[in-house]
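Heads up: the protein sequence lines correspond to chains X and U, in order. First residue of the first sequence: 0, per numbering that gives the first Met the number 0; consecutive thereafter. First residue of the second sequence: 0, per numbering that gives the first Met the number 0; consecutive thereafter.
Hint data in this document are derived by calculation from the structure and do not stem from the laboratory. Please note: incorrect hints may appear among the correct ones.
It does not matter which identical chain is used: a pair holds within one copy or between any two.
[Claimed, not checked] Below, in silico cross-link-like pairs of lysine-lysine (DSS-like), each with a Cα-Cα straight-line distance of 25 Å or less:
id	residue 1	residue 2
1	K345	K211
2	K1	K151
3	K4	K329
4	K1	K345
5	K250	K1
6	K76	K4
7	K230	K109
8	K230	K329
9	K112	K15
10	K247	K15
11	K76	K45
There are 2 protein chains.
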Amino acid sequence: MKHKKLYIPGPTEVRKEIIEEMDEYMFGHRMDRMTDLYTTIVEDTKDFLDTDKHVIVLTASGTEYMESSISNLVDDKVLCSTCGSFSERQAKVAERLGKDVDKLEYEWGKAVKPEDVREALQKDDYDAFTCVMNETSTGIRNPIEEIGEVLKDFPDTFFIVDAISALGGDYVDIDGSGIDVIFTSVQKAFAMPPGLAVCVVDDDAYQHEKEKDSASWYGGFQRSIDYYKRKGQTHSTPAVSLMLAYRKQMKHMLDESHQERDKRHKKMAEYTRDWAYQHFDMFPEEGYMSQTVSTIENTRGMNVAEVIEEVNEKYDLVFANGYGSKLSEKTFRIGHMGDHEVKDVKELTDAIEDVAEL
Amino acid sequence: MKHKKLYIPGPTEVRKEIIEEMDEYMFGHRMDRMTDLYTTIVEDTKDFLDTDKHVIVLTASGTEYMESSISNLVDDKVLCSTCGSFSERQAKVAERLGKDVDKLEYEWGKAVKPEDVREALQKDDYDAFTCVMNETSTGIRNPIEEIGEVLKDFPDTFFIVDAISALGGDYVDIDGSGIDVIFTSVQKAFAMPPGLAVCVVDDDAYQHEKEKDSASWYGGFQRSIDYYKRKGQTHSTPAVSLMLAYRKQMKHMLDESHQERDKRHKKMAEYTRDWAYQHFDMFPEEGYMSQTVSTIENTRGMNVAEVIEEVNEKYDLVFANGYGSKLSEKTFRIGHMGDHEVKDVKELTDAIEDVAEL
Chain X
0 MKHKKLYIPG
10 PTEVRKEIIE
20 EMDEYMFGHR
30 MDRMTDLYTT
40 IVEDTKDFLD
50 TDKHVIVLTA
60 SGTEYMESSI
70 SNLVDDKVLC
80 STCGSFSERQ
90 AKVAERLGKD
100 VDKLEYEWGK
110 AVKPEDVREA
120 LQKDDYDAFT
130 CVMNETSTGI
140 RNPIEEIGEV
150 LKDFPDTFFI
160 VDAISALGGD
170 YVDIDGSGID
180 VIFTSVQKAF
190 AMPPGLAVCV
200 VDDDAYQHEK
210 EKDSASWYGG
220 FQRSIDYYKR
230 KGQTHSTPAV
240 SLMLAYRKQM
250 KHMLDESHQE
260 RDKRHKKMAE
270 YTRDWAYQHF
280 DMFPEEGYMS
290 QTVSTIENTR
300 GMNVAEVIEE
310 VNEKYDLVFA
320 NGYGSKLSEK
330 TFRIGHMGDH
340 EVKDVKELTD
350 AIEDVAEL
Chain U
0 MKHKKLYIPG
10 PTEVRKEIIE
20 EMDEYMFGHR
30 MDRMTDLYTT
40 IVEDTKDFLD
50 TDKHVIVLTA
60 SGTEYMESSI
70 SNLVDDKVLC
80 STCGSFSERQ
90 AKVAERLGKD
100 VDKLEYEWGK
110 AVKPEDVREA
120 LQKDDYDAFT
130 CVMNETSTGI
140 RNPIEEIGEV
150 LKDFPDTFFI
160 VDAISALGGD
170 YVDIDGSGID
180 VIFTSVQKAF
190 AMPPGLAVCV
200 VDDDAYQHEK
210 EKDSASWYGG
220 FQRSIDYYKR
230 KGQTHSTPAV
240 SLMLAYRKQM
250 KHMLDESHQE
260 RDKRHKKMAE
270 YTRDWAYQHF
280 DMFPEEGYMS
290 QTVSTIENTR
300 GMNVAEVIEE
310 VNEKYDLVFA
320 NGYGSKLSEK
330 TFRIGHMGDH
340 EVKDVKELTD
350 AIEDVAEL
């Protein structure tokens, strides 16, 4: 198959040498090789994310942690902030689990505001509050750090952060921001093949789950953390091949450092926004724009589907339309995350300029 | 890393050409390529398993379906048959989910008997009955087909079958055996790299979940089935690389056919048992021995751990000790599943004979 370079908001481009790392015969998940592999990726991830909390790497999409975070921590009531498709999904997941869900709703394109969170939390007793760090559907970056400051005043409410398309490309001080649980998928800013989810969990969350009457087994924090402590392995057979790729890419990420990746992503975001302002407009609220995915407002009435198709055909570069029927033609999205640099993004914007005759 | 040929009860040996199939650049999970890939593996799996029921391929270990089957189908009470570590795990998972669990318990090494199941089901109202097809810890093959006949007399009780180390190497007539849900992991008799679970679900189970107040989201049957019907894709980003390997291996399995794979596994099991009876004894109850993993009773007081180590060192072949502290030295296990043939098993038994001086 012809190589198509990805600028969609996930899966993102994975470097050839990372893919080739999967070219290994299988080995047992209870062998020493596995202990070595799993402890290496867990400890390296802790280093990279600069956290002393528990780190779990689970074979699943990040969505699994949208579910198990709620199963493990919410007894009755949860407050979910929504500002786009993925944060709305978090609320739907909690509802499907039979939980009592209140929503703090924002129009698509707007960000969650700390003062609103405080007000909402004061009105009722919530076991947890959920917030998406980077709303992939709208290109909003919520002020997780400031919201975390608010949560510190509500010690009985767990702060659950979905960082699926942000973590690894947008620095967040996990241990300093009042976060109890934060998770991501590796096929986003980590630039790895999809199939693994990463979850960071603090002691309070671990302890609460342990004392809870019911919780997830597969996505249970307790089981993963205990198994790791006891044996340095995963509780169930993991995707060994993907973990081999993970190990190599995480070493690369450590070499670059989280702070430097953050800077590189900032540069790509700034470049993309400048370009967008020149030809179109940005969709998200000013001051809350994502560092990993830019949602651009299609102010020129360009045929988004056609341009995507032609850029793909002519240049072998792939970017995305707007999310869902609401935004599909009204916006388009450029994912600038993972291992891309400004020159890669420029390659795409040049191609769009050519095809759309900007 | 040196190639070690696997005869453990999973992950099993994966052929080089299947591993190499993962050597592809990433592509989007909402692209036509993905629709083509996912519909191909789902439809081929239906063909292979000879079922008209729904088939789901999910990024997870099979354990995820131990959990979500219960979440999706059990309102109150479930009866779990236990006869070893993995069937006991199924009961623990249900308990962890807060369900009311009754157990039909058997000693390790004994099989679940249809008449006992009937008696137990008559005593109470159960939303579901769980049974492991192949108890990997003891090498027992439960009479799923006969148990299914019993379940047909209890139409309000779902029959959930964990076929994790059997399906693909031990033929079962899914549609004719009263089974509502049956699941496996691909790293066992499918001989694929781990990270995907396969679940077959009938309409009754689908419908019950839909009407249920709470259910799993990630492991929800409904969501996976509906998304497949609407778009031919998965509800969340799947492990694309593993699905590429899956496609190639499933074509190979179709070429061989389920019935022929069944015969080949039967031959390997018979060979292994004959060898075991010559030098040791078989651990499981007569008449209920697994076709994919033989648990051999260490009647000679052989140092199992040492022999495993030396066979690994000298021959680069890997087999397994007994499961858990109870059986670790009392038994040892030979996995004869996936793409192995009798000659491969003989290679291993010859090595054991040499090292253990049999």
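Query raised in the report: If you check each hint against the structure, which ones fail?
Result: Hints 1, 2, 6, 7, 9, 11 are the ones this structure does not satisfy, whereas the remaining hints hold.
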